[in-house]
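Novice: This is what each chain is made of:
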Amino acid sequence: MEFKTFVFYVLAAIMLFGALRVISARNPVHAALFLVLTFFSAAGLWLLLQAEFLAIVLIMVYVGAVMVLFLFVVMMLDIDIARLRHRFWSYLPLGAMIGLLMVAEMALVLGGKYFGAAALPGQDMPAGYSNTKELGRLLFTEYVYPFELASVVLLVGIVAAIMLTLRQRKDSKYQKVSEQLAVKRHERVRLVKMAAEKDAPATGESAAEQGGQ
Amino acid sequence: MLKNFLTPDLYPAMPEIFLLVMACVILLVDAFLGKAQRWITGALTLISLVGCALITYQTMDGQVVLTFSNMFVDDLLGDFLKLLLYLAVIVVLIYSRDYLVARQLDKGEFYLLVLFATLGMMVMISASHFLTIYLGLELLSLSLYALVALDRDSPRAVEAAMKYFVLGALASGLLLYGMSMVYGATGTLEIGGVAQALHLGVANKTVLVFGLVFLVAGIAFKLGAVPFHMWVPDVYHGAPTPITLLIASAPKLAAFAMAMRILVFGLFELAQHWQSMLMLLAVLSIAVGNLAAIAQTNLKRMLAYSAISHMGFLLLALMSGVVGPDRHFALIAYTSAMYYVVAYVMMSLGAFGVILLLSRAGYEAEHLDDLKGLNQRSPWFAAVMLALMFSMAGVPFFVGFFAKFSVLLAVIDAGYIGVAVFAVLFSLIGAFYYLRIVKLMYFDAPSDAAPLAASPDMRFLLSLNGVAVAAFGLFPDALMTLCTSALLRSL
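Read top to bottom, the protein sequences are chains A and B. With my numbering, letter number 52 in the first sequence gets 52, and the count goes up by one each step, no holes. With my numbering, letter number 359 in the second sequence gets 359, and the count goes up by one each step, no holes.
In short, the hints are calculated from the structure, not lab data. Computed from a predicted model, the values in this text were never measured in an experiment. In this text, a Cβ means the ideal position worked out from N, Cα and C, and glycines have one as well. Heads up, a few of these hints could be off.
Unchecked claim - Covered stretches of chain B, as calculated for chain A (at least 3 residues, CB under 8 Å):
| id | region |
| --- | --- |
| 1 | 59–71 |
| 2 | 106–118 |
| 3 | 121–132 |
| 4 | 299–313 |
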């Protein structure tokens with residue numbers, strides 16, 4: 001057995017184990033971490049296929065950004081695990097059916113005329129070949145216009161998101177510290193001159209008497 | 001191929017580059033401005049648009065120039081539409097200023113998103129690649145979704161934005177799916193390349209027609225044609241009136257350009273297929289738009305349904321371009337389509353401008369009853385609204401009449417007499433709701449006697465708008481000649 005094949009089987013085994021643990025782990029944090037393991041193994045498989053750019057992107061985007069976000073959400077939300085696991089096995093037939101359907105679809109595509117392994121043979125690239133570099137070269141030469149446009153679309157996304165969320169709510173109450181510090185005595189305290197003793201009003205007294213009785 | 005890559009010629013794309021740079025400058029400047037200096041943002045926005053217009057005018061040479069690896073095309077059609085686009089956006093900004101200030105909606109983001117939407121429309125207008133069409137469309141749509149929700153405290157606006165966003169995403173998906181089908185069949189996304197592959201007849205026809213259905217559905221959604229019109233009344237009604245004004249005017253020019261680029265420049269060989277699809281859409285739009293508009297009591301909703309019927313007319317013109325191999329008919333039909341869309345944008349700007357004119361702080365003049373007795377309050381603006389409504393209804397010697405007339409001529413030339421008769425009949429039905437507004441303005445007592453509070457520049461521009469609708473109706477040839485020459489040099 002070639003060493004490459006050996007590495008493939010090791011990575012594939014770890015990946016399958018990780019994927020199984022994602023759905024069988026009791027703790028959602030563990031499940032998310034096993035998903036990270038699955039992604040890492042998948043990235044290793046990409047590397048074996050000489051697609052190092054996809055491997056790096058998978059790690060940076062999915063492991064670095066998406067899964068961290070996911071972990072935050074999992075940790076912040078109070079997930080009732082007992083309720084989630086209720087009737088867990090009753091979903092087996094549906095899950096198995098969907099799984100089989102996906103396998104069948106994949107077989108149809110891979111065995112078909114256009115996308116089969118025979119129609120798209122792998123190419124062994126020379127040793128110094130870098131597909132990251134080739135992709136970058138293509139993006140920054142031939143596709144530079146759509147690439148820049150995509151960045152403008154992202155900028156609009158940022159502007160729109162800030163506009164829609166960063167606003168002063170009408171019902172919010174917050175302190176203005178500078179005004180609080182600059183306050184003068186006469187703005188807060190009002191001295192009222194009044195007699196030390198005062199006769200209680202007659203009507204109020206009678207009302208109180210009636211209330212007492 | 002990559003080894004000998006040449007730096008793309010940036011000259012044809014100067015207006016886009018200038019606008020993007022200015023938008024980024026305004027983004028930075030606005031961050032340092034207080035509420036009282038917001039006028040600087042507005043002024044800079046107007047300056048950018050005027051600058052774009054100057055650059056476009058300078059670089060207009062009537063030649064078809066492709067750049068950015070054939071993804072960008074600079075032709076006379078694009079230049080002409082872009083100039084109209086800047087004009088429409090400038091008018092929108094001036095009409096909406098008072099309204100926004102009165103409601104404290106004149107945030108810097110409004111101006112920025114309007115600029116980015118303009119950039120998206122410019123990209124769509126001069127796209128010669130499916131990828132750039134899609135990216136331009138997304139840039140436009142994303143800005144518009146956010147703009148509809150500009151007034152975050154209004155539940156109606158947020159609901160409209162949500163609806164627009166979900167349906168718009170669906171339409172973008174349809175469009176992309178269609179594009180992927182075309183790519184699968186022809187092996188290229190370049191519009192010229194697609195046309196060539198079709199001409200050589202190497203592409204799989206079934207896959208192409210399948211993709212075409214999705215492309216037409218996407219275009220129909222963006223134009224707001226029946227049965228993809230559901231978003232139009234809700235968005236027009238729910239959005240703040242300045243945003244409605246924006247959505248109802250400039251994007252129609254871009255959608256027209258998109259339809260021309262995809263259907264005429266790219267998939268002309270499939271014309272017999274998309275012709276029947278467009279006819280169905282057009283007939284349904286004219287019928288549903290005109291009938292539903294009668295039942296509306298809200299002015300913005302009524303104008304939304306009227307927009308649907310107008311888009312039906314536009315589709316009629318696009319449909320009647322192909323009669324055998326003769327290119328003469330194609331020119332007549334596409335010229336009438338372009339004339340129609342320009343005329344519609346002019347009328348639409350004016351009609352929503354009048355709504356903005358009548359609104360003031362804390363008061364929305366969006367019901368039909370709010371127009372009652374406008375003649376007694378301001379005879380001049382009642383006359384402007386009269387011209388706009390007559391023009392929309394297609395009463396002779398306003399610009400709308402000649403637009404409808406030229407479309408009907410093209411339809412008859414193409415041999416669809418029945419469709420032409422149908423369109424005329426429904427225009428007559430449609431005249432009812434336009435003339436009802438005239439009746440309300442001139443023969444009813446005013447329900448609201450407050451004097452009109454609009455700034456002088458808006459009054460001037462709105463007057464000019466009304467005069468233009470009448471003047472282009474009296475002298476239709478000037479605009480028609482411009483449209484013809486723009487198309488002749490680009491087709």
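Novice: Compare the structure with each hint and give your call.
Specialist: Hint-by-hint comparison with the structure:
1. Coverage of a stretch by a chain is defined here by at least three residues with a beta carbon nearer than 8 Å to that chain's beta carbons; for the region 59–71 of chain B and chain A the count is 3, and the condition holds.
2. Residues of the region 106–118 of chain B lying with their CB closer than 8 Å to a CB of chain A number 5, which satisfies the three-residue condition for coverage.
3. Counting residues of the region 121–132 of chain B whose C-beta sits closer than 8 Å to any C-beta of chain A gives 4, which meets the bar of three, so the coverage hint holds.
4. Proximity of the region 299–313 of chain B to chain A, defined as three or more residues with a beta carbon under 8 Å from a beta carbon of that chain, is not established by the 0 residues found.
Consistency with the previously given hints fails for number 4 only.
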